[in-house]
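> Turn these sequences into a full structure, and let the hints guide you.
At position 149 of the sequence shown (counting the first as 1) the number is 154 in the numbering used here, and the numbers step up by one without a gap.
Treat the hints with care, as some may be off.
Between beta-carbon pairs, the in silico distance windows are [said to hold, decoys possible]:
| no. | residue 1 | residue 2 | range |
| --- | --- | --- | --- |
| 1 | A309 | E874 | 52 to 60 Å |
| 2 | N849 | W426 | 34 to 42 Å |
| 3 | P393 | R526 | 17 to 25 Å |
| 4 | R740 | E812 | 55 to 63 Å |
| 5 | W426 | L819 | 49 to 57 Å |
Computed list of lysine-lysine pairs in DSSO-like fashion (alpha-carbon distance at most 30 Å, straight line) [claimed, not checked]:
| no. | residue 1 | residue 2 |
| --- | --- | --- |
| 6 | K887 | K817 |
| 7 | K206 | K195 |
| 8 | K947 | K170 |
| 9 | K170 | K195 |
| 10 | K887 | K1091 |
| 11 | K21 | K170 |
| 12 | K978 | K1005 |
| 13 | K195 | K21 |
| 14 | K206 | K259 |
| 15 | K947 | K401 |
| 16 | K978 | K947 |
| 17 | K401 | K418 |
| 18 | K418 | K533 |
| 19 | K401 | K170 |
| 20 | K247 | K259 |
| 21 | K247 | K195 |
| 22 | K206 | K21 |
| 23 | K170 | K206 |
| 24 | K1091 | K1005 |
| 25 | K21 | K978 |
| 26 | K206 | K247 |
Derived by calculation from the structure, the hints in this document are not laboratory data.
Every value quoted in this text rests on a predicted model; they were computed, and no experiment measured them.
Ideal placement from N, C-alpha and C gives every residue a C-beta, glycine not left out.
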Amino acid sequence: MHGVQEPIWREPGQAKDTAYLEAATLRYSAEGREVVGRNRSCFNNRPLYCPSRERGVVLAGDRPFLRLLDDHRVAGSMAWGFMRGDSSAWMHAFNSVEMRYRCGRITWTLSDPAFAGVVIILTVVPLDTVAGFAFQLVGQGLRPHDHLVWTFGGAYAGGTPGSLKGNPRWLWDPIMQGNPAICRSGDPRKPELGLVFEPEKSWNNRVLIEPFLVRILAAPDTAMGAAGCLDRPGQIHVADGKSIESPASLLASKGGDHPVVCATHELAVDTTILYGAFEIASADAPAESLASRRPREAFEKAHAYLDSVERVRIETPDDRINAAMAAVCHPMDAACDHSPTLFRHGCMAYSVLFLGWRVIFGSTMLGWHDRVKGNARHYIGLQNRDDPVRVRPVAKPELLLTSQADSSRFFGKGRIHNPPWVMYDTQSQFFDQTLHDWRWTADPELEAMLRPALELHLEWAWECFDPDDDGLYESYINTLPTDSVWYNGGGSVEESAYIYYGHLAARDMARRAGDSDAAARHHARAGKIQAAIRSVLWLEDRGHYGLYREQNGHRRVHVDAWVYSQFLPIDVGLSSRFEALQSLYYTEWGLERVRLPFGGELCQPSNWVPWKWSVRDMFNGDIWHLALAYFQTGLGDEGFKLLLGAVLESCYAGAVPGGFSHIGAGTDFSDCKDMFARSVVEGLFGFDPDYPNEIVRIHPAWPSAWPRAAIVTPDFSLDYQQGETTEAYHLSLSRPARMEFLLPVRALSILALEVNGHPVPWTVEPGFNGSLVRFTVPSGITAAIRIQTAGRYDAPVPIHYRARVGEALSLKPLRGQLIGWHDFHRVCNCATLQSGALEGVCANQEGHHLVLLETRTGELPAFEICKIEITDPVAESEHRLKTPRQASSDSGWECLDLEAVFNGDVRTIFQQSYLSPWAETCSVRLGSDGYSAWTFPFWSDKPPAIDLAHVEGLTRPDGRLWTPQQVPFTAIKGDRNIVFTSRWDNWPTMIRVPVRRRAKMAWALICGSTFPMQTRIANGVLRFSYADGTHEELELIPPLNYWMLSSWGGNDYDLDLDRFCFPDGPPPMVQLGNNCRAMVLSWRLKPGVVLDAVELETLSEDVVIGLMGLSLVS
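And the structure:
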């Protein structure tokens, strides 16, 4: 590669190793609205998109070299060179190369000591009507007889027709390297990033030189190829593509079996400007019909089109955000087809039409409401309006009963047909986003389409996902990162939130239509959903929403929740302010935060392991959605860390300048780019329109240190300026509405508040780390606000407090007078207000908690956030003593013979058919083989072969099997070697092994299955029952002390990539054979008391847990 020595980088979605977190730097910077790279090394790393219907892509990059392609071919590559006397060089090899990227256009500024005084400024834009590009070249400091040399060639058919992964867009995506087997760690650089000329690709090309035009065809009989020209006369000839080493060598060559175009133009002295253009066109297209025939006109039109596409412009103190906002507009435009208007899954690797995921939000943010309406018109037209046949759940045997068959209610009335990936519920996000656009516009045409379609959708979701009518809906593969994720029929947050939002919209539509009965019905249903989420899934003692409630069995709530469980209730308005505050805090302590060395943070979506696409895959779209929830909650500083971290990682630190990408989803992926736009427009700038109710709410949440911020969009503009004692806002709306403002104030008092030069009534309430002033402006289109304050102060940072159970607790606000508090988790016993502080004693509540201090700062109320971690070293020490990881060398052993209770062969655990109990609901479940996620049949992932090949080597002459922990067990032999338990009817739920003797320790050899959807909850329990009637329990909780016996879907637990999930490392275990490990778990028994029996009980659905050995230390 040319340019600087590049550090190894990581792309979004890759694990960030220690070396990266210590030393990674940004590859790009920002100046104004431009992403800037200086002397970077890559080629083909910045796609420029032609109109979506033409399917063209121009691959530009760090250095001036272009490759033109579409879905069927690489039409050719273009390079520019410079000649002065006997010296020549390709411009991409110049010593100094500055690249600037902004909203689809790329500009290189070039110089080299070999050509003293020469500066070349080369700007390239994708054409706006066809698949092609145009360029403007400005030369400065030129001498007589300086020449431009250029070449175009290397055309070839590329990809497999109809194949997504064989498509040139997929193959040439700068970062895409595979899916589902993604490049999860290590150096992500593709060979294509270093590819310049490919001389071999010009073999058998056909080059036609016509008056004022050249054509390049991949073969003599090819129907389509590239055509183009420059606007200046020059010497053009067919050269030998194998003589490409320098412009001079190519210019001196003659075409052969590797023909390319080569041309030279003498440049005017001092300064020259010339234009060129190339496009993909029919081989027999008349020259005058081609846009590329008029290069300057093509360049100016395309440049003007990109200007029109940059529909949202922001000015903040951070140019990196400003330039990213400009950059996102181009792929937002490119991912939308026209006639009909339809959105695409992405721009490169996944450039396919798709109902979901979050592919619509961005067009709303950019004011392309007609596009949203056109997309809605198309898909609503595909909705199944009546289906008397498909009325019941039917699981598909070919998919191991993991998901629903074509004959299921899932595909019946209300379903929107969405090929090719019909297995997903993408329509819940489709309605969520389309209704969101309706809130922005109150468009009556859209409303007329939406209302009957929404009624069908809500009926469909209710019958499919809430069969017990408790108000909680199962989430059925309904968000982007749900490949290999399932809830086994359990009611969860995601679908419940989407349906809640849908019922609110249906209520408002009914009100507007004068249908009071329907409005009341939808209002009641929304209330039922909210009550169910709050009463069942809100974990009051932990302060966040749970993941899901088990459909059967113990009906437990799984507490190991992910980010969607937290940000969606906030986004749709289900959460109170205090619930939002707590659940966001959960993402700080309960999930892994990645602090980047160049600024900002990322957040892992879950703790679910082992990994398999897309379990625990980190998408920047989810990080920006989480940032949005912070902004919506009024936590601007915290939200900006996430917004910035994902922007820096995606737009500035990886291969693609200004890219919105993921290592397993490709460049400018819609789910990512759309959420970035929404996080800025609605989050950072706080624009919250509800035009159906004739109100626009403004609650900005930019960082507290920003003295200014401004945004201009087709729907509104907002400008903020901070003076020494004043704060000024100016809001303009494209359509009138009543305006409600909720603005942060950090000051001792508000002296005056004026709107449009007149005082208005206002109220003030405590905000998080400041105050909030609330006021309303009557319907209009502009509001100029001036707030005069006294005693402005910086936002206090949250108080971090760490203490032990039983220790004194003292919390004093950093500013202001303490007047009250909210102890959400009751962690402060004997709480009193003393000397301006909250004094008390730490309760026996180990973990992370929030206490909110209510203060009066000057004349204004405020909240200060206290983040408290309570530890219990005594309990931790007792647990370690109770469960040693290694046996004492002097232990005396008694190995119990379990042959009488054995009921199975561990090698056949995945050779069973697990068919009952099986609830007949529209659900995503574990496969009937007891192993497979719903994705495995699609990916041909089979259960591994399990053997006991290591048992012989572990067995000593004494006939006992000895583990690495120096624990012996009765030798494993034969095909009855385990006693299984399960909630499947195949095995008993619980087994009991009589012991009836005293012992110091018990050691158990535990082996079985578990899955990512069963993490951090007791899958089973070892129960030690004593003769005195008491019992003790050791819960089996993956991945803390219990692991799956084998790899899962070809992947295993990874302590390097998922180290956060294993706070204490791996549990003690022994490898009994290939794909067969067992846990070696200990329990210190009650001294002097007879151990009557040991019981093993399975608690979780899906899993099978077995006991293979039991030994006592006498």
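> Given a hint of 17 to 25 Å, does the C-beta separation of P393 and R526 actually sit inside it?
Cβ of P393 to Cβ of R526: about 24 Å, so the range 17 to 25 Å holds.
> Would you mind confirming whether the straight-line C-alpha gap from K887 to K817 stays at or under 30 Å?
violated (38 Å)
> Taken at face value, is the distance from the CA of K170 to the CA of K21 at most 30 Å?
holds (26 Å)
> Per the hint of 55 to 63 Å, is the separation of the Cβ atoms of R740 and E812 within bounds?
holds (58 Å)
> Given the hinted pair K247 and K259, is their Cα-Cα distance within 30 Å?
holds (10 Å)
> Can the restraint linking K978 and K1005 be considered satisfied, given a maximum Cα separation of 30 Å?
With Cα atoms ~27 Å apart, K978 and K1005 stay inside 30 Å; holds.
> Given the hint that K887 pairs with K1091, does the C-alpha gap stay at or below 30 Å?
Cα-Cα ~10 Å, so holds.
> Please work out if K1091 and K1005 have their alpha carbons no farther apart than 30 Å.
Holds, at roughly 7 Å.
> Need the status of pair K947, K170: alpha-carbon distance at most 30 Å?
holds (22 Å)
> Are the Cα positions of K206 and K247 separated by 30 Å at most?
holds (10 Å)
> Given the hinted pair K206 and K195, is their alpha-carbon gap at most 30 Å?
holds (19 Å)
> Can you confirm whether the C-alpha distance between K418 and K533 stays at or below 30 Å?
Holds, because 24 Å separates the two Cα atoms, which is no more than 30 Å.
Going through the hint list in order, the structure does not satisfy hints 2, 6, 22, 25.
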